[in-house]
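Peer 1: These are the residues of each chain, in order.
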Amino acid sequence: MNQYWIAVIGTSAIAFALKYSGHSVPEKWLSHPRIQRVNALIPIALLSALVAAQTFTSESKLMIDHRLLGLSVAIIALLLKAPFPIVVLSAALSSALLYNFSI
Amino acid sequence: MNSATLRDSLSVSLTVGAYGVAFGAAAVANGFTVLQSCLLSLLTFSGASQFAVVGVLGAGGTALSGIATASLLGIRNGLYGVIIAPRLKVKGFKRIVAAQITIDESTGVALGQEVRSPEAMRQGFWLTGIGVFIFWNLFTLAGALGAQAMGDIRAWGLDSAVPAAFLGLVWPRLKTNSDRALAIGCAVFAVAMTPILPAGLPIIATAFIAVAVGLRK
Chain A
89 MNQYWIAVIG
99 TSAIAFALKY
109 SGHSVPEKWL
119 SHPRIQRVNA
129 LIPIALLSAL
139 VAAQTFTSES
149 KLMIDHRLLG
159 LSVAIIALLL
169 KAPFPIVVLS
179 AALSSALLYN
189 FSI
Chain B
665 MNSATLRDSL
675 SVSLTVGAYG
685 VAFGAAAVAN
695 GFTVLQSCLL
705 SLLTFSGASQ
715 FAVVGVLGAG
725 GTALSGIATA
735 SLLGIRNGLY
745 GVIIAPRLKV
755 KGFKRIVAAQ
765 ITIDESTGVA
775 LGQEVRSPEA
785 MRQGFWLTGI
795 GVFIFWNLFT
805 LAGALGAQAM
815 GDIRAWGLDS
825 AVPAAFLGLV
835 WPRLKTNSDR
845 ALAIGCAVFA
855 VAMTPILPAG
865 LPIIATAFIA
875 VAVGLRK
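So the sequence lines, in the order shown, correspond to chains A and B.
Letter by letter, the first sequence follows residues 89 to 191 of the numbering used here.
Letter by letter, the second sequence follows residues 665 to 881 of the numbering used here.
Keep in mind that the hints were calculated from the coordinates and are not lab data.
Heads up, the beta-carbon is just placed ideally off N, CA and C, and yes, glycines get one too.
Any given hint might turn out to be false.
Unchecked claim - Calculated cross-link-like contacts (lysine to aspartate or glutamate; reagent style DMTMM-like; alpha-carbon spacing at most 25 Å):
1) A/Lys-116 x B/Glu-783
2) A/Lys-169 x B/Asp-843
3) B/Lys-758 x B/Glu-778
Claimed, not checked - Per label pair, the in silico range of CB-to-CB distance:
4) B/Ala-869 x A/Gln-124: 32 to 40 Å
5) A/Gln-124 x B/Val-698: 43 to 51 Å
6) B/Pro-859 x A/His-120: 20 to 28 Å
Unchecked claim - Listing some non-contacts, in silico: residues in chain B with all C-beta distances to chain A over 10 Å:
7) Asp-672
8) Ala-690
9) Ala-693
10) Val-698
11) Ser-713
12) Phe-757
13) Leu-775
14) Arg-780
15) Ser-781
16) Pro-782
17) Trp-790
18) Ile-794
19) Leu-805
20) Ala-806
21) Gly-810
Generate the whole structure from the sequences, applying the supplied hints.
Peer 2: Given below as structure tokens:
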């Protein structure tokens, strides 16, 4: 078995084990009010981090590029209370325009 | 079925699924066979982990270093499981399926629906998880088979569509000034730590900021 097959099988096995173990944490561990409050804050933290990391970084480097325009357009759309698909599409469109015309 | 939930789920499924083209193309370009590329999408089913293992082996890394990097990025799916499981309440085979589709997008959409109803939250999880799974795998096959013409996702704006989607999901959850402060703090932290910490850690580390803030209040 070569390195590629070992990588495919190993990565897949650990990926599933991580996902399944998360689902198997007993619920009573999570019923305390403080834990509930933390549980409500975690998505805010992770989603915000994902937004920023996917906009301002590329392969572990900081980078400001066409994605900043996409994100700015998304923020404007959200401030104007646009529906979700409009937010996503307007970000994609503005970003693609800047990318294609700045090469 | 809540039509707003369906709309959110489908738009995320399609946009994110389309990234599969780039993955399929990248995997084959880095020496993986079409079968291996498709198996990674079916079995690993976690974009960041998949790109990581392909990148490491393509750069001449060993299987072990590829697996380690991919697994580091996969830790956050475990945390998502902890968050999602008490909201889904499923057992047996359904739990296995739920675990496999517990990723950034299904968790993000599910939590974004929570302001609507617990039922919308569950629908958002299943629709997005299964939707992304279907599109991600189909597009992986397309990309691996040589659809490299569309391989540059940036030309299609997909690299901005995904953060915009995450922003749209976190937006309704930012109700108080302290929520907004947490969001901005975590965003700055994740970006600032990216060049310093190993890949995947800056994002997962922000969960601990949320824990610290939540326990202190």
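Peer 1: If a hint holds in the structure, say so; if it does not, say that too.
Peer 2: Now for the hints, and whether the structure bears them out:
Using a Cα cut-off of 25 Å, the hinted pair A/Lys-116 and B/Glu-783 holds, with the two alpha carbons roughly 21 Å apart. Distance check on the hinted pair: A/Lys-169 and B/Asp-843 sit about 19 Å apart at the alpha-carbon level, within 25 Å; holds. Note on B/Lys-758 and B/Glu-778: the hinted pairing holds, with a Cα-Cα distance of about 21 Å set against a maximum of 25 Å. The supplied range of 32 to 40 Å is broken by B/Ala-869 and A/Gln-124, whose beta-carbon atoms lie about 22 Å from each other.
Between A/Gln-124 and B/Val-698 the CB atoms are about 46 Å apart, so this pair conforms to the stated range of 43 to 51 Å. At roughly 37 Å, the beta-carbon separation of B/Pro-859 and A/His-120 lies outside the given 20 to 28 Å, and the hint is violated. With a closest Cβ-Cβ approach of about 5 Å to chain A, B/Asp-672 is found to fall inside the 10 Å limit, against its non-interface label. For B/Ala-690, the requirement that its beta carbon stay farther than 10 Å from each beta carbon of chain A is met, with the minimum near 12 Å.
For B/Ala-693, the condition that its CB be more than 10 Å from all CB atoms of chain A holds, with the nearest at approximately 13 Å. Residue placement check: B/Val-698 keeps its beta carbon more than 10 Å from all beta carbons of chain A (closest about 12 Å). Distance check for B/Ser-713 against chain A: the nearest CB is about 6 Å away, which does not clear 10 Å, and the non-interface claim fails. The claim that B/Phe-757 is not at the interface with chain A holds, since no C-beta of that chain comes within 10 Å of its own (minimum 12 Å).
Annotated as non-interface, B/Leu-775 brings its C-beta within 10 Å of a C-beta of chain A; the closest such distance is 4 Å. Annotated as non-interface, B/Arg-780 keeps its C-beta farther than 10 Å from every C-beta of chain A; the closest such distance is 12 Å. Separation of B/Ser-781 from chain A is adequate, the least Cβ-Cβ distance of about 16 Å exceeding the 10 Å criterion. With a least beta-carbon separation of about 14 Å from chain A, B/Pro-782 lies farther than 10 Å from that chain, consistent with its non-interface assignment.
Every CB of chain A lies more than 10 Å from the CB of B/Trp-790, the least distance being 14 Å, so the non-interface label holds. Its beta-carbon lying about 15 Å from the closest one in chain A, B/Ile-794 satisfies the requirement of being farther than 10 Å from that chain. With a cut of 10 Å on Cβ distances, B/Leu-805 stays outside the contact zone with chain A, its closest approach being about 15 Å. Against the 10 Å criterion, B/Ala-806 stays outside the reach of chain A, whose nearest CB is about 19 Å from its own CB.
Separation of B/Gly-810 from chain A is adequate, the least Cβ-Cβ distance of about 19 Å exceeding the 10 Å criterion.
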